[in-house]
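Protein sequences appear in the order of chains A and B.
The first sequence lines up with residues 67 to 367 when you count with the numbering used here.
The second sequence lines up with residues 19 to 285 when you count with the numbering used here.
Worth flagging that the hints you see were computed from the coordinates, not collected in a lab.
From the three backbone atoms N, C-alpha and C, an ideal C-beta is built for every residue, glycine too.
Treat each hint with caution, since some may be false.
[What the hints assert, rightly or not] To give a feel for the contact side, a few chain A residues facing chain B, derived at Cβ under 8 Å:
(1) A88
(2) G145
(3) M193
(4) L249
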Amino acid sequence: MPELKEKVCPLSEAASLIKDGARIHIGGFSVHNHPMAFVYELIRRGVKDLTLVGHVSSNEVDILVGAGCVKKVEISYVGLEEHGLAPNYRRAVERGQIELEEYSEPVAFERFACSSRGQSFFTTQEMLGTDIPKYNPKIKEMISPYNGQKYNLVPAADPDWVILHAPMGDKYGNVLFFERKQLPEQLDVTAGQSCDKVIVTVEQIISRDRVMGLSHLNILPRFRTTAIVEAPYGAHPSSCIKLYDQDREHMGMYARMSRAPEGFKEYLDKYVYGVKSHMEYLNLIGIETLLKLRVVGGTLA
Amino acid sequence: MSLKYTAYEAMAVAICHELNDRENWFIGLATGDATIQILSRVPIVGMCLAQLTHAPNSFMAVAGWLMNPVVNEIPTTMESEFGTALQFWRCESRATAYLAARGECDVGFGSAAQIDKYGNCNIVCIGNYYRPKIRLIGPINQPGHFSLFKREFIIVDHEKRNFVDKVDFVSGVGYLDGPGAREKAGLPRGGPCLILTDKCIFDFDPEAKLVRLRSIHPGVTLQDVIANTGYTHDWVPDKVSETLPPTDEELRLIREVIDPRAVLIPR
Chain A
67 MPELKEKVCP
77 LSEAASLIKD
87 GARIHIGGFS
97 VHNHPMAFVY
107 ELIRRGVKDL
117 TLVGHVSSNE
127 VDILVGAGCV
137 KKVEISYVGL
147 EEHGLAPNYR
157 RAVERGQIEL
167 EEYSEPVAFE
177 RFACSSRGQS
187 FFTTQEMLGT
197 DIPKYNPKIK
207 EMISPYNGQK
217 YNLVPAADPD
227 WVILHAPMGD
237 KYGNVLFFER
247 KQLPEQLDVT
257 AGQSCDKVIV
267 TVEQIISRDR
277 VMGLSHLNIL
287 PRFRTTAIVE
297 APYGAHPSSC
307 IKLYDQDREH
317 MGMYARMSRA
327 PEGFKEYLDK
337 YVYGVKSHME
347 YLNLIGIETL
357 LKLRVVGGTL
367 A
Chain B
19 MSLKYTAYEA
29 MAVAICHELN
39 DRENWFIGLA
49 TGDATIQILS
59 RVPIVGMCLA
69 QLTHAPNSFM
79 AVAGWLMNPV
89 VNEIPTTMES
99 EFGTALQFWR
109 CESRATAYLA
119 ARGECDVGFG
129 SAAQIDKYGN
139 CNIVCIGNYY
149 RPKIRLIGPI
159 NQPGHFSLFK
169 REFIIVDHEK
179 RNFVDKVDFV
189 SGVGYLDGPG
199 AREKAGLPRG
209 GPCLILTDKC
219 IFDFDPEAKL
229 VRLRSIHPGV
239 TLQDVIANTG
249 YTHDWVPDKV
259 SETLPPTDEE
269 LRLIREVIDP
279 RAVLIPR
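If we strip away everything but chain A, and leave its shape as in the complex, we get (with noise of 0.2 Å):
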């Protein structure tokens, strides 16, 4: 019988199919389940020109962009929840440094599933009478024939690459998610299903045997993962629900040091520059730090 194919690899060897002016989706939501260790990585090599489609993004897109990485936002959300506003987003836009497509937040959500359903648009009537249609020309506008009543026209998502990070998968790309799914988990299914392209961080790779008893929780079949990569603790300082929290501290630490660029640089250069690997990362962040943000229990919930 022929064998499998492997689709597991390096974080550095999934991250080098990111070429430069790719389009691509980062996974998570908020302060929640991105995979920052995919994030630092694409920040290490120097990509450049990136056109990030998203959501409700946090420090993921903030670092990204003060990293020079990023070209053009398309986003509804980009801001730290209690920590405030995103300092590096909030610096290039206001010097004009990076182009921006908006959209309301059920909006950009629903542009993923209009690319998982194979459809090339949609319509909305929740963004009428708002500025967004005046400075995003791919928003339209047209009267339904049906109702005759006034709608916008919303192009679906259509990423070119889309990066999740996940509890658990196999070497095979296999992708499982935990039974009861909160918004950013079934936010990730559903831009796992509207790319060809899938790139998943997992924290832990299991045996395929494994997979095979849990097969209600393969929600992502290999057929649709193009790389898998092992990288525990690969969302920190952003949450993987039910595993760990925020770092909240860290991710203060973060929104202060940000606000200048000097602060921001230092950040880079010790937590992104500073160290060659994840596994580097971790140590440097600490055990006992990432010991605290655990939540044994929490895949019960």
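Position chain B against the provided structure of chain A, taking the given hints into account.
Okay, now just chain B, sitting in the frame of chain A:
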């Protein structure tokens, strides 16, 4: 003698008085701790008080997805919309979709850096869109609050710069440029119904659609409100009434039943 109360308690009670039975209420994500206080923690107390006093058949969606949580068991300070602690918060239902598309949501709570004289709200940018003086968070779910929900309560710290004649960017659609404008824009329903601050309550003239002062909180002077409000139209009525202050029973419910650990409202 009546009990003393804080501005946040008075705001929670004011919210409670505006809510009706058999309604669905919605609060989502907020940015920055000061905003989380007025946009998450205070409204949760107001909604819970309404459920205990006159609105038992209502639903509150906290963080957009926790329906009717057991408020006095709150496990966090609402610092994030999806912290793991929130997953263990006991509640009646976990809504998995936004309560909006078909008008299921009666009331939303929102805030803004700018609110103009027609109630249009801005959380996108201050200044020119392409080279803003201050870039803010982006529209997030504010458009839907003002277009798909039935009514929106705007809650904001009372600072002069928040009240402008015209917003720099419309992310939440108030009455745009006056009567008939929402209908012309094609909005299916909804819009702002009041602005609640730590000093007063504004509402909207039903004909002109302009912001007007409805009531001043006890202990606040009209001069104080005028000095801290940036509107240039005639927004002060001849006779200004006082916001109904919290009763002792309302304060008892807040302090003993709803928020006994003072997690939501500092004492």
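Structure-based check of each hint:
no. : hint : in the structure
1   : A88  : violated (22 Å)
2   : G145 : holds (4 Å)
3   : M193 : holds (5 Å)
4   : L249 : holds (6 Å)
Hint 1 from the earlier list is the only one contradicted by this structure; the remaining hints agree with it.
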